[in-house]
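A.B. asks: Starting from the known structure of chain A, arrange chain B with the ligand on it as the hints suggest.
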Amino acid sequence: MDLSYSPEEQAFRAEVQEFMANELPKELSEKVRLGDEALTKEDQERWHAILNEKGWLAQNWPKEFGGAAWNAVQRHIFEEEAAKANAPRIVPFGLSMLAPVLMKFGSKEQQDHYLPRILDGTDWWCQGYSEPGAGSDLASLKTKAVREGDHYIVNGQKTWTTLGQHADWIFCLVRTDPDAKQQEGISFLLIDMNTPGVEVRPIILLDGTHEVNEVWFTDVKVPVENLVGEENKGWTYAKYLLTHERTNIAGVGFSQAGLESVKRIAKAEKANGKPLIQNPHFAARIAQVEIDLRALATSNLRIVSKASAGEAPGIEASMLKVKGTVIRQEINDLARRAVGPYAMPFPSESVEGDNMAIGPDYAGPLAAQYFNYRKLSIFGGSNEVQKNIIAKTMMGGGR
Amino acid sequence: MNFDLTEERQMLQDTLRRYLREKYDTATRNKILDSDEGMSAEIWAELAELGVIGALFTEDQGGFGGGGFDIAVVFEELGRAGVVEPFLDTAILGGRLLGAVGGQDDLVEEVIGGAAHLALAHGEPGARYDLTRVESTAVADGDDVVLNGRKAVVVNAEAAGHLIVSARESGAVDETDGISLFLVPTDTAGLTMRGYPMLAGGRAAEVTLDDVRVPSSARLGGVGAGWQPLHDTLALAHIALAAEVLGAMVSATALTNEYLGTRKQFGRPIGTFQALQHRMADMLIELEQARSAVINAAGYLETDSRDLNIAGARNLISRVGRLVAEESIQLHGGIAMTQEYELAHIAKRIVMTDHRFGDADYHLERFIELSAA
Ligand SMILES: Cc1cc2nc3c(=O)[nH]c(=O)nc-3n(C[C@H](O)[C@H](O)[C@H](O)COP(=O)(O)OP(=O)(O)OC[C@H]3O[C@@H](n4cnc5c(N)ncnc54)[C@H](O)[C@@H]3O)c2cc1C
Numbered sequence: 001m002d003l004s005y006s007p008e009e010q011a012f013r014a015e016v017q018e019f020m021a022n023e024l025p026k027e028l029s030e031k032v033r034l035g036d037e038a039l040t041k042e043d044q045e046r047w048h049a050i051l052n053e054k055g056w057l058a059q060n061w062p063k064e065f066g067g068a069a070w071n072a073v074q075r076h077i078f079e080e081e082a083a084k085a086n087a088p089r090i091v092p093f094g095l096s097m098l099a100p101v102l103m104k105f106g107s108k109e110q111q112d113h114y115l116p117r118i119l120d121g122t123d124w125w126c127q128g129y130s131e132p133g134a135g136s137d138l139a140s141l142k143t144k145a146v147r148e149g150d151h152y153i154v155n156g157q158k159t160w161t162t163l164g165q166h167a168d169w170i171f172c173l174v175r176t177d178p179d180a181k182q183q184e185g186i187s188f189l190l191i192d193m194n195t196p197g198v199e200v201r202p203i204i205l206l207d208g209t210h211e212v213n214e215v216w217f218t219d220v221k222v223p224v225e226n227l228v229g230e231e232n233k234g235w236t237y238a239k240y241l242l243t244h245e246r247t248n249i250a251g252v253g254f255s256q257a258g259l260e261s262v263k264r265i266a267k268a269e270k271a272n273g274k275p276l277i278q279n280p281h282f283a284a285r286i287a288q289v290e291i292d293l294r295a296l297a298t299s300n301l302r303i304v305s306k307a308s309a310g311e312a313p314g315i316e317a318s319m320l321k322v323k324g325t326v327i328r329q330e331i332n333d334l335a336r337r338a339v340g341p342y343a344m345p346f347p348s349e350s351v352e353g354d355n356m357a358i359g360p361d362y363a364g365p366l367a368a369q370y371f372n373y374r375k376l377s378i379f380g381g382s383n384e385v386q387k388n389i390i391a392k393t394m395m396g397g398g399r
Numbered sequence: 001m002n003f004d005l006t007e008e009r010q011m012l013q014d015t016l017r018r019y020l021r022e023k024y025d026t027a028t029r030n031k032i033l034d035s036d037e038g039m040s041a042e043i044w045a046e047l048a049e050l051g052v053i054g055a056l057f058t059e060d061q062g063g064f065g066g067g068g069f070d071i072a073v074v075f076e077e078l079g080r081a082g083v084v085e086p087f088l089d090t091a092i093l094g095g096r097l098l099g100a101v102g103g104q105d106d107l108v109e110e111v112i113g114g115a116a117h118l119a120l121a122h123g124e125p126g127a128r129y130d131l132t133r134v135e136s137t138a139v140a141d142g143d144d145v146v147l148n149g150r151k152a153v154v155v156n157a158e159a160a161g162h163l164i165v166s167a168r169e170s171g172a173v174d175e176t177d178g179i180s181l182f183l184v185p186t187d188t189a190g191l192t193m194r195g196y197p198m199l200a201g202g203r204a205a206e207v208t209l210d211d212v213r214v215p216s217s218a219r220l221g222g223v224g225a226g227w228q229p230l231h232d233t234l235a236l237a238h239i240a241l242a243a244e245v246l247g248a249m250v251s252a253t254a255l256t257n258e259y260l261g262t263r264k265q266f267g268r269p270i271g272t273f274q275a276l277q278h279r280m281a282d283m284l285i286e287l288e289q290a291r292s293a294v295i296n297a298a299g300y301l302e303t304d305s306r307d308l309n310i311a312g313a314r315n316l317i318s319r320v321g322r323l324v325a326e327e328s329i330q331l332h333g334g335i336a337m338t339q340e341y342e343l344a345h346i347a348k349r350i351v352m353t354d355h356r357f358g359d360a361d362y363h364l365e366r367f368i369e370l371s372a373a
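Just so you know, the protein sequences line up as chains A and B, in that order. Counting in the working numbering, the first sequence runs from 1 upward without gaps. Counting in the working numbering, the second sequence runs from 1 upward without gaps.
For reference, chain A alone in the conformation it holds in the complex (with noise of 0.2 Å):
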C-alpha cells in the first residue's frame, strides 16, 4: 500500500496545472463557473480544439487513433485538475462512447473516416439509445430499421437525446430483427442528422435549459455501410459502449471541484453575523460529505488502478455510480442551502436578463443546478438498476 503519486504522476500533475493556466480561455472558466448551462456550442468546441492541439482532446483512445493512450491514473488526474480549473467538460458521445465501439467492432473504412472527424470537431455526436417506451429496459426499443437494397429504412424515436439539437450525427440502436429474442435484434447504426426524415423537438428541463431532445425517423434512409458490426449484433457493442460511460462516472473531480465551491461560498456568506462555515451544522454537513468524498477518491483510485492493470471494472463500476452521483447529489444541495434566500431568483434571468446578478453571483444558477443533478442518479444506468447489477451479482456468488 502506498496513497503517494509517483514522480511523474506528480510531474503529469504539473503539467497539467500548468496547461490549465495557460490554455483555458477565462471566459470559458467563468461561465463554468456560474453554471455550465451557459456554455453554446462554440464554446465546447473552442474547448475541444485546445485540447486537441495538445494532444490532450482523446484521452483514452490508443497512440494509433491518435489518442493520448493515457492509463487511469493520468486521466484521474487530469479530470482532478481540469475541475479544479473550471474547465469545460469534454463532450462524451463521440469521444469516449462511439470511438471504443468503432475501434473494436467498426470496419477499417468507418474508422478512417469518422475517428479523424471527432478529433478535430468536424462532427458532433449524440446518442439514440433511449425511447419513450425503453428506458432502464432499453432492449424493449422499438425504432426499426428495415433493409432495402442498400439502405436501411429507419422509423421510431428516440428521446432524452443529449444536446442533440447540436450533432451532426446519432449513433442508434435500431431494431432489425422482430422476430429474434429482445437482445438479438438490435442493430448499431450511424445515421446522418441531416437527413430527410430527421425531425429533433426540444425537451425543457425542470430548471429550464435545453440539454435534451426528442429525435424522431420517418422514413429515414440510410446507407447500409453506417452499420456498425454485424447487423442483429448491436445489443454486444452496446454493453461494450456502457461500461466506457462508467469508467469516468464516479465523478470525483466534479465532486472536489463543488466540494471546494461550496466552502467558499460558506466562507462568504454570513450566518447570525459570522462566516456560514462557522455554524456548527452547515460546517458538519460539509464535513460529512467531505469525509464520504474522500474515501470515495481512494475507492476511485483503486478501481482504476485495476483497471490500468487491465482488469475490466465489474460490479465496483456500478458501486463508483451510485455513491459517486449521490455525494455529487449531495453537494449541489449544500450550495443552495448555502445562499439562504437567494437561491430563489430564476438564473437565466439573473444571469442573462441585464448581466447583472441577483445577490452573490455565485447564488444564480445553484438551485437550477441542484434541480439539475437530478438526473445524475436518473441516466447512465438508474441508481435502482446498478443496485440490481450489484446485488444479482453477489446473490449469484459472481465474485
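Treat the hints as calculated values from the structure; they're not laboratory data. A quick note: this is a predicted structure, and the numbers were derived from the prediction, not measured. Glycine residues also receive a C-beta, built at the ideal position from the N, C-alpha and C atoms. Where hints are given, some of them may not hold.
[Said to hold, decoys possible] Examples of chain B residues lying across from chain A (beta carbon under 8 Å, computed):
hint	residue
1	Val153
2	Glu302
3	Met352
C.D. replies: Chain B with the ligand in isolation, oriented as in the chain A frame:
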C-alpha cells in the same frame, strides 16, 4: 381530542379543491409561469370571491377565520395544486401584519376583497434568515421619516401597491428592539426595484431605498416596536408554508404512486419492483409525520409552545420535503425532469420553500434554543 375539520373548514377545503382541480391544471399554471406577471389576476379575483383570502383573517380583522387550521387548510390546498399566486405575501405577510399592528382596516378590507396586493420588505442582502438583522435605517425629519437601505428577494414587490418596510430607528444591527415597520406606497420617490422571476414560480425584486421620504403616520405600530408583530406574523407564515409543502407532498406522492402503477419496464409495472415499493412506503410514512407536524404547528398556535412547535414542524417538513421531492423524481425516472410534467413544478415548490424564512438547519437551531429554555 378530535381530529376532524369543523364543518366550515371542510366546506372551505372542498370548495377550494374543486375550484383548483377545475381551473388550475398543469397547462394553465405553466402559462402563468411563462407570463410577465407571474400570476393570474383572474384566478386571484375568483379565489378572493370564493372567500379564500377572507378565510385567512379573523372576524375582528374583517375575515371569517384566521386561525391556525384555517391557514393550514387553505395552504394545503394551494400546495396540492402548486398555486404560484402570492397568497402568503399579500394575505399573511402583508395583510395579517397590518392586522397585527392595527389601524389599517381599509387596506385590509381591500386585501380580503382581492383588490390590493402587498409585500413584506424585510430581509436584507446579508441577513440570510435572521429576522433581527436590519441594517436599513429610518431617520425622523420633522413630520417625515427618511428610509435608506436595501431589501433582498422581496416576493411580490412589483405587484404590490404598498410595501411593508422594516427599518432600524435605534439599537445595534442585530437587536430586536429598534426595528420599526413602515407602510410605503411602491410609487414613492427613491424606492426602486429590480424584478425577476423565481425558480419555483412567482416574482420577487431587489428593493433599494434611497432617501425614501414618508410621513411619520406611515409607521405601523410603535417606534422601534416592529419586531414583535413581525415575529407573530411569521408564526402564521410558517404554518402556511409548512401546510403548503404538505399539500405539495400529497400531490407528489399521489403522482408517483400512480406512475408506478402505469409505467411498464421489463414487461411489468415498475411498481411491482419491491425496491421501489419500499421507497414509496417510506415516503408515505414520512408524509403522515409531516401531516402531524403541521397539526402541531397549527394546534399550538395560541399557546406558549407555539414557537417550539413551529420550529419543529418546519424542520421536519424540510427534511421530509427533500426526501419526497427527490424520491418522487427518482422513482419516475427521466419524465420527472421535464418542465412540462406536473411533478417538476411540485418538487420545486417543495424544495424552494426551504429558502423562505429558514431551512432545516435554521429551524433546528431555533428548536434547540427553545427546547433548552
Ligand atoms: C438529463 C438526461 C439526459 C439523458 N441523455 C441521454 C442520451 O443522451 N441518450 C440516451 O439514449 N438516453 C439519455 N437519457 C435517458 C436515460 O438513460 C434514461 O432516463 C434512463 O435509462 C432511465 O429510463 P427512464 O427515464 O425511462 O426511467 P424508467 O426506466 O421508466 O425508470 C423509472 C424508475 O424505475 C426504476 N426501475 C426501472 N427498472 C427497475 C428495476 N428492474 N428494478 C428496480 N427499479 C427499476 C428506475 O430506476 C427509475 O427509478 C438521459 C436522461 C436524462 C434524464
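A.B. asks: Each hint should be assessed against the structure and marked as holding or not.
C.D. replies: To see whether the hints hold, each was checked on the structure:
Interface restraint check: Val153 of chain B against chain A, minimum CB-CB distance 4 Å, threshold 8 Å, status holds. Annotation: Glu302 of chain B was flagged as interfacial toward chain A, and the flag is violated, the nearest CB pair being 29 Å apart, outside 8 Å. Evaluation of the Met352 of chain B hint against chain A yields a held restraint, the C-beta minimum of about 6 Å falling below 8 Å.
In summary, the one numbered hint that this structure violates is 2.
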